[in-house]
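Q: Residue strings, one per chain:
2 protein chains.
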Amino acid sequence: MASPSPVPASMAKPSEPVRNKRHDPKKPHITEEPITRSNWYKHVNWLNVTLIVGVPIYGLFAAYWTPLQLKTAVWAIAYYFMTGLGITAGYHRLWAHTSYSARLPLKIFLAAVGAGAVEGSIRWWSRDHRAHHRYTDTDKDPYSVRKGLIYSHFGWMIMKQNPKRIGRTDISDLNDDPVVVWQHRNYIKCVIFMGMIFPCLVTGLGWGDWKGGFIYAGILRIFFVQQATFCVNSLAHWLGDQPFDDRNSPRDHVITALVTLGEGYHNFHHEFPSDYRNAIEWHQYDPTKWSIWIWKQLGLAYDLKQFKQNEIEKGRLQQLQKKLDQKRQTLDWGIPLEQLPIVDWEEYQSEAKNGRALVAVAGVVHDVTDFIKDHPGGKALISSGIGKDATAIFNGGVYNHSNAAHNLLSTMRVGVLRGGCEVEIWKRAQRENKDISFVSD
Amino acid sequence: MASPSPVPASMAKPSEPVRNKRHDPKKPHITEEPITRSNWYKHVNWLNVTLIVGVPIYGLFAAYWTPLQLKTAVWAIAYYFMTGLGITAGYHRLWAHTSYSARLPLKIFLAAVGAGAVEGSIRWWSRDHRAHHRYTDTDKDPYSVRKGLIYSHFGWMIMKQNPKRIGRTDISDLNDDPVVVWQHRNYIKCVIFMGMIFPCLVTGLGWGDWKGGFIYAGILRIFFVQQATFCVNSLAHWLGDQPFDDRNSPRDHVITALVTLGEGYHNFHHEFPSDYRNAIEWHQYDPTKWSIWIWKQLGLAYDLKQFKQNEIEKGRLQQLQKKLDQKRQTLDWGIPLEQLPIVDWEEYQSEAKNGRALVAVAGVVHDVTDFIKDHPGGKALISSGIGKDATAIFNGGVYNHSNAAHNLLSTMRVGVLRGGCEVEIWKRAQRENKDISFVSD
Ligand code: HEM
Ligand code: HEM
Ligand SMILES: [Fe+2]
Ligand SMILES: [Fe+2]
Ligand SMILES: [Fe+2]
Ligand SMILES: [Fe+2]
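So the protein sequences, as listed, match chains Y and X. Heads up: take any position in the first sequence, counting from 1, add 72, and you land on my numbering. Heads up: take any position in the second sequence, counting from 1, add 72, and you land on my numbering.
No lab work stands behind these hints: they were computed from the structure. If you're wondering where the values come from, they're calculated on a predicted model, not measured in any experiment. Take these hints with a grain of salt, some might be off.
[To be verified] Interface residues of chain X toward chain Y, partial, derived using beta-carbon atoms under 7 Å:
| id | residue |
| --- | --- |
| 1 | Glu343 |
| 2 | Glu385 |
| 3 | Gly387 |
| 4 | Arg388 |
| 5 | Gln390 |
| 6 | Asp397 |
| 7 | Glu410 |
| 8 | Trp417 |
| 9 | Leu480 |
[Said to hold, decoys possible] Only pairs whose alpha carbons sit at most 27 Å apart, straight line, appear in this in silico DSS-like list of lysine-lysine:
| id | chain 1 | residue 1 | chain 2 | residue 2 |
| --- | --- | --- | --- | --- |
| 10 | Y | Lys445 | X | Lys377 |
| 11 | X | Lys451 | X | Lys425 |
| 12 | X | Lys425 | Y | Lys212 |
| 13 | X | Lys99 | X | Lys283 |
| 14 | Y | Lys399 | X | Lys399 |
| 15 | Y | Lys399 | X | Lys98 |
Beta carbons are placed, not taken as given, at the ideal position from N, Cα and C, and that holds for glycine.
Sequences are here, hints too, so could you generate the full structure?
A: Structure representation (structure tokens):
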């Protein structure tokens, strides 16, 4: 159970924020005091330490003396996937993001197995998760990765947090959902039954392996489900690409997807949070999406929300454009035209006659002296342009030079011809020094 | 031997173009007559058919009765690589493109093994190849892929070509190179000795396998070297990506590189023809580049030419930009602002009051009626913007919306507010309808 207030107020009225009954808003919260040698233990959330770290360590030791039966192993893995889906398909995509709608039986199933993952009630989890989306990477983000990878993974649960710090969000829809409210009110019972008793019952009544069910399908399975889903807050904000937006931390990576039942395309997810998919390509791993799709075929899920492909492509394109514009800044495009001296035609010709290898192309004078010997088209041809207006020669008259040749030419600029080809100059400037602002407007 | 005029004029003066002695410029060339049932055989270059197709078929049959000794196989493969390098490192990168300089011993070696590949003299090969670069994909290109893949592979040698059609190029540097001139004048002797006699001598004197040397290291090795290097004209203009320029046919592909001793990064090569490399990444396969580099370490090669990384990156960037601009055209960015009706503030408010869900952001009025139920931030928040100037709310006042949200918003435009936020309107127009011309200037 991962709530900062370990025992959620079981009688909370539908619209009232969850507050620990023991928390007195008038008394300063412990987090308002700096951590010192004498008070550090007061900053630690000992209940969460016990649940997230202590119990699993006990489980590991106990496993050493508990033989693992094949049937129990299969059940533990199956229940791992079911409780994981409770979080990803239930808590996350259904309730936190309402990315699809579910019929009552599916809702009850997801609320039940979700409780079995021991990560708090739907209501508490979704409220925090909505704050995470709305205030991503800021101080109001309950698990901001800007405070460190460990913090975003489980540091935020192990150390006490000031409830006033977390951003407020609208959860009126959840307060109107009877399954959510019932699960929240009966959370402790749910978690004990679905987290521990039910997996033991299966192994115990099924094949008499009570102890194996307790250790493997109970304690250790909870540990793995927790660690896996915690990765959505840590790994998914730390490892991978940012194809849609790089202003915030969410990232796409197949490793995160493999660990988190498909929640690894997190840059996409933060950009399109109410899309029931996290992976949009068929070949990407997103078993949560596949499950929702199957439930739809079975009539258990409906109204699957999807952003239009047009909107997705636009986002991808803008991010690529941004990267290109950044890259463009780092390259040398030659001296900007407006910083070049203005040269008269006569001046150009007399300098060229005096032995400087100057070539005029599109109203701009270029010094090609050092390049003649390297010219891919040979010395004779390039020399034929010296002292002339070589615009036509260069642009197809003799040879239609490549983009590469145009780029290279612009690094050899030394002057602008007075009155020469303004349109060409303007076109070139536009191509090279494009000033596109991607500030949010 | 792959020359359209099979026996090069052995006495050609250094600067005079190679012309078949039997060719009378006054008589109309056979290619000026259409191919008919009665004259088709006159269009075929029977000598080349014999050399490129006939002899290898004989070799294949003969191989059936000629046991292949291991030593002979090893030598045939080694000589395959040597003669292949004669073409790629010698004919192509050294002489046709002068992408590096070689000391006399290396020149003699490359001229010798190059002759052993039986693809014409350096002088003839380079002249055609320069025409191929200068007139790529046009009628003056001797092996234009626009005439079909088979034509570019060897059709251009199997059918007679009108020598007047091939583009003229400057080969004065080759005419000044004694190795090139000597090889051209003694081409028939060179080709018979290096193509057949020398490989037989090695196997015959070495381990008594005269016949195996003849068939495997001679005939079949020639066939494979020819087919491999022909792929530079066919496959490299047909298969793969175009990271630098997509106006012409050259393409980059690892398969072509594997077949052609590294000449497979052909889009790069046409853009930067005088670069001694074809592959610019260390992990790409370019044994020709590696050989030149080793020769440099041995003092046999010098002045290795390389385009600056800055120029290469600029080319790649522009091609990417071009692709993005094309993609941008295919997407729906909403009704252009200049096509929207101008709306007064009072009009906007009264319409919003009458039940139409209108939200004004940055001087533009949006109809969000169909979107309210799908809003990822909930119905309440989006509804709070109706009938207001929601610019600040939308841009961080309540929530700093993502690029995706901005994009989606623009597809919901229905009007422009009179006098509202012109700068914002202009910024948005610039971002979406960028009109960047990539015409060659
Ligand atoms: C003005 C007279 C010029 C003429 C007639 C001329 C002609 C040619 C020809 C015929 C080629 C084709 C060679 C081949 O690919 O094998 C060529 C290539 C090239 N030229 Fe020029 N050139 C001229 C000036 C310049 C100048 C001033 C530059 C400076 C940047 C330049 C840069 C290049 C480059 C980079 C290539 C490689 C192929 C390409 O990128 O298009 N040339 N030139
Ligand atoms: C004007 C008042 C609005 C307010 C106060 C508001 C508020 C919010 C909030 C708080 C979120 C965060 C929800 C989350 O990520 O969990 C959000 C998300 C979003 N809103 Fe709004 N919204 C408003 C209008 C609109 C409009 C008119 C659109 C139409 C395009 C829109 C499109 C979106 C989208 C696409 C998201 C998903 C996250 C993102 O892309 O940033 N919103 N909104
Ligand atoms: Fe996240
Ligand atoms: Fe989420
Ligand atoms: Fe080519
Ligand atoms: Fe070439």
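Q: Holds or violated: Lys99(X) with Lys283(X), Cα cutoff 27 Å?
A: Status violated; Cα separation ~45 Å.
Q: Given Leu480(X) as an interface hint, is the shortest Cβ-Cβ distance to chain Y below 7 Å?
A: holds (5 Å)
Q: Please check whether Gln390(X) passes as an interface residue: C-beta within 7 Å of a C-beta belonging to chain Y.
A: Where the cut-off is 7 Å and the nearest Cβ of chain Y is about 6 Å from Gln390(X), the hint holds.
Q: Can we keep the Glu343(X) interface hint, with Cβ of chain Y closer than 7 Å?
A: Cβ of Glu343(X) sits 5 Å from chain Y, so the hint holds.
Q: With chain Y as the partner, please determine if Arg388(X) meets the hint condition of a C-beta pair closer than 7 Å.
A: Violated - the Cβ of Arg388(X) stays beyond 7 Å from chain Y, reaching only about 9 Å at its closest.
Q: Would you settle whether the hint for Asp397(X) is holds or violated, based on the nearest Cβ-Cβ distance to chain Y being less than 7 Å?
A: This hint is violated: Asp397(X) lies away from chain Y, its Cβ roughly 9 Å from the closest one there, beyond 7 Å.
Q: Check the hint pairing Lys399(Y) with Lys98(X) against an upper bound of 27 Å on the C-alpha distance.
A: violated (58 Å)
Q: Can we keep the Trp417(X) interface hint, with Cβ of chain Y closer than 7 Å?
A: violated (20 Å)
Q: Against the 27 Å threshold, does the CA-CA distance of Lys445(Y) and Lys377(X) hold or violate the hint?
A: holds (11 Å)
Q: Taken at face value, is the distance from the CA of Lys399(X) to the CA of Lys399(Y) at most 27 Å?
A: Measuring from Cα to Cα gives roughly 19 Å; hence the hint holds.
Q: Under 7 Å, Cβ to Cβ, is where Glu385(X) needs to be relative to chain Y, so tell me if that hint holds or is violated.
A: holds (6 Å)
Q: Does Glu410(X) hold up as a contact with chain Y if the rule is Cβ-Cβ below 7 Å?
A: At about 17 Å, which exceeds the 7 Å cut-off, the nearest Cβ of chain Y leaves the hint on Glu410(X) violated.
Violation of the numbered hints given earlier is confined to hints 4, 6, 7, 8, 12, 13 and 15; the remaining hints are satisfied by the structure.
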